[in-house]
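Visitor: Starting from the given sequences, assemble the full structure and let the hints guide the process.
Residue numbering for the sequence shown follows the working numbering, starting at 1 and increasing by one per position.
Honestly, the hints are just simulated from the structure, not real lab data. Just so you know, nobody snuck in bad clues.
Computed cross-link-like contacts, DMTMM-like style, restricted to lysine to aspartate or glutamate with a CA-CA straight-line distance of at most 25 angstroms: (1) Lys39 / Asp267; (2) Lys88 / Asp141; (3) Lys88 / Glu61; (4) Lys39 / Asp209; (5) Lys88 / Asp317; (6) Lys39 / Asp266; (7) Lys88 / Asp51; (8) Lys88 / Asp115; (9) Lys39 / Asp143; (10) Lys39 / Asp94; (11) Lys39 / Glu9; (12) Lys88 / Asp143; (13) Lys88 / Asp78; (14) Lys39 / Asp59; (15) Lys39 / Glu61; (16) Lys39 / Asp253; (17) Lys88 / Glu309; (18) Lys88 / Asp59; (19) Lys39 / Glu54; (20) Lys88 / Asp55; (21) Lys39 / Glu287; (22) Lys88 / Asp75; (23) Lys39 / Glu272; (24) Lys88 / Glu73; (25) Lys39 / Asp141; (26) Lys88 / Asp208.
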Amino acid sequence: MSDDTWTSERMPDLSGDTVVVTGANSGLGFAATREFARKGAHVVMACRSADRGEDARADLEASVPAASLSVVECDLGDRSSIRAFAEKFRDRHDGLDVLCNNAGVMAIPYRETADGIERQFGVNHLGHFALTGYLLHSLRDADGQSRIVTQSSGLHERGEIDVERVRRQAQQDGPPEDYDQWAAYGRSKLANVLFAYELDRRLDATGDDVVSVACHPGYAATNLQTRGAEMSGSTVKLWIQKTANRLLAQSADDGALPMLYAATADDVQGGEYVGPGGFMNMRGAPERQRSSELSYDRDLAAELWAASEELTGVTYDLERPASTS
1 MSDDTWTSER MPDLSGDTVV VTGANSGLGF AATREFARKG AHVVMACRSA DRGEDARADL
61 EASVPAASLS VVECDLGDRS SIRAFAEKFR DRHDGLDVLC NNAGVMAIPY RETADGIERQ
121 FGVNHLGHFA LTGYLLHSLR DADGQSRIVT QSSGLHERGE IDVERVRRQA QQDGPPEDYD
181 QWAAYGRSKL ANVLFAYELD RRLDATGDDV VSVACHPGYA ATNLQTRGAE MSGSTVKLWI
241 QKTANRLLAQ SADDGALPML YAATADDVQG GEYVGPGGFM NMRGAPERQR SSELSYDRDL
301 AAELWAASEE LTGVTYDLER PASTS
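Guide: Next comes the structure, spelled out in structure tokens:
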């Protein structure tokens with residue numbers, strides 16, 4: 001059940017902790033960064049645009065004068081940028097206490113990453129898979145337990161993944177004839193949950209004091225929903241989305257609560273899924289929930305893991321647990 005009294009005010013003191021938030025310059029990432037900073041953490045803002053990141057940093061410092069923030073460019077659609085971010089992070093920090101895999105794109109027209117991957121899958125899943133792999137040693141070097149929080153979506157429940165098809169599409173130019181931007185989004189969000197759970201199983205098998213948790217924000221009003229309509233040039237779709245955001249969505253501040261809860265609450269365990277517990281799980285206080293049945297398919301998760309290593313070139317020093325029961 002949800003705890004209706006849980007707000008960011010109940011987060012513990014985070015003085016001395018280091019947190020990385022991807023997509024920290026807007027929406028959920030901006031809201032979460034503010035609360036982490038308010039509680040004393042140093043937050044590394046991983047942003048695709050350093051200029052937008054610096055603008056966001058100035059806004060955050062105006063509202064939280066004592067905030068400890070740094071902006072480092074990180075384009076999750078470009079492996080070289082992800083690797084450069086991780087190298088800079090390791091040079092500047094001894095350990096990492098929380099990694100929030102938050103950034104994403106939603107239902108955009110077909111685009112490819114710099115590495116030739118369908119952009120929603122490439123950014124939402126593969127980019128974070130690579131980033132987490134590069135930062136794993138920093139997470140292990142943190143004092144005490146560290147956490148990896150991967151942002152999914154309730155729409156992961158509509159997602160399906162054919163791993164071999166993902167491999168084939170990575171090698172072809174242009175969109176498949178049956179490309180559907182919403183199906184692609186659901187696929188990427190299912191991949192987020194499969195990854196979060198498989199990562200936690202592998203971490204648990206090693207005995208590392210690092211846990212992996214998945215979360216979703218419900219329906220939160222951010223620019224994520226309008227980007228696809230803007231890119232497609234549809235004024236009708238843009239109007240519909242803006243109207244839905246205004247009438248139905250909760251705020252970005254409220255949408256960030258499941259991520260903040262997953263990152264800091266004492267009662268959160270590895271391999272859990274956190275989301276808002278109110279109307280249709282679209283709003284309300286955070287609670288531990290159950291994701292789709294497909295997200296618990298360990299064989300599918302292992303297949304996706306192997307394909308993700310191939311497509312990113314990032315290999316984890318983690319073995320698959322022997323038992324798949």
